[in-house]
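Chains V and G, in that order, give the protein sequences. Note that my numbering gives residue 122 to position 122 of the first sequence, counting from 1, and the numbers run on in steps of one. Just add 205 to wherever you are in the second sequence, counting from 1, and you've got my numbering.
Since the hints were made in silico from the structure, they are not lab data. All values derive from a computational prediction rather than experimental measurement. All C-beta atoms, glycine included, are put in the ideal place defined by N, C-alpha and C. Where hints are given, some of them may not hold.
[Stated by the list, open to error] Lysine-lysine pairs mimicking DSSO-like chemistry, simulated, CA-CA at most 30 angstroms apart: (1) Lys281(G) to Lys178(V); (2) Lys213(G) to Lys74(V); (3) Lys74(V) to Lys178(V).
[Claimed, not checked] Now the stretches of chain G that chain V is said to cover, found in silico as 3 or more residues with beta-carbon under 8 angstroms: (4) 215-227; (5) 243-252; (6) 299-313; (7) 319-326.
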Amino acid sequence: MYYASFLQPWVFQLSAVIQGLGGGFSVIISAQNAFIADTTSPIERSRYLGLSLVMLWTGGAVGPLISAPLTNHKLYALNFGVMALAWVVYVLYVAFFVRETRLPSGERDSGSVLSVLSGSSIGNSHEKTVVGLMLQVFVEPLRVIAVNRAILLPSIAVLGAILSAGAFSYVVPYCDSKFGLSPNEVCCILVAPNAFILTGVSPPL
Amino acid sequence: MSTTLPFKLTRIRSAIYEWRASPQAILLPAFLQALTIGLSELPLVYLFRTIRCEQYEASLPHTPGMDVCRSPIVQKAYTADVAMFTTVATVMGIVLSGPYGALSDLKGRKRTLIIASSLNGLGVAWLIVCSGYLTGTDRTLSRLTPTLSVLC
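Same shape as in the complex, but just chain V (with noise of 0.2 angstroms):
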């Protein structure tokens, strides 16, 4: 009766809660193109930011080719377990082998967050409530975009483009109600626009 309890649907979906509160993989992308940006000079920006997305599409590209023949023996606990581990690796690598590239300064803009919250506008400061300031952070992203006009043309394109491409979220769904594919078919359909992404942007770089 134990064992019933964890093979609810819901329970499955608290992984998504603990994993959105990481930020999903969306944080971390945009964690490691700061990154780049604090380590790269304007001319070499755009050289690393590409091959962040080469690293990118090799990895999609990698983890179906590993996925599909342990999804196809159910093995999931072991495939998630591979997942876990590449998780540690990373915390461990960035933990210990990285250095800290963001000096934190004080910002000139009186009214951004982070002047605020890091105590260099002193005039300001006490007028905002911690309820405000919290609301300011959460919404300074859209700030940002919005007061750009170079950032929000982009930014719709951008937009656009991930809520078309979201349907192919359910290409193995679809593979697998409509042509009855393995998982190791399916894996083939997955691989393809990544290695295929790889070959024409890699040269380039």
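On the provided structure of chain V, position chain G as indicated by the hints.
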């Protein structure tokens, strides 16, 4: 001659020290993070499919040769589970992107990456626990049943 080797070692150490703050240093973590995304696509879908399939099969009388896993009811149920999983993680990521960004700018990139990746890893660890019960192949987890049962 006696100072050559220490000098070389010092040069190597300083080169490694500089490389640790270079843009190349973040490429391995970028690959690992993408690898986890690629590893999660297939098992998550088939895991939800297996759960819903077994639930539906248990509710039906036994019919030899009938593949209930591809019935529309099961398909609808597990695609909804996949949608819910993706939506929850994505929406929370959107909401928390501001605070994480502020944290990254205030306290540094490393702290943000460590916190975010640790939570992602914990989420995967929860999947290991739950999927271990599903397959019934992990006897070590079975011994933890009395302790873990208080969670349900």
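These are the hints, each one checked on the structure:
no., hint, verdict
1, Lys281(G) to Lys178(V), "holds, 13 angstroms"
2, Lys213(G) to Lys74(V), "violated, 52 angstroms"
3, Lys74(V) to Lys178(V), "holds, 21 angstroms"
4, 215-227, "holds (count 4)"
5, 243-252, "holds (count 9)"
6, 299-313, "holds (count 14)"
7, 319-326, "holds (count 8)"
Hint violations for this structure: number 2 only, all remaining hints satisfied.
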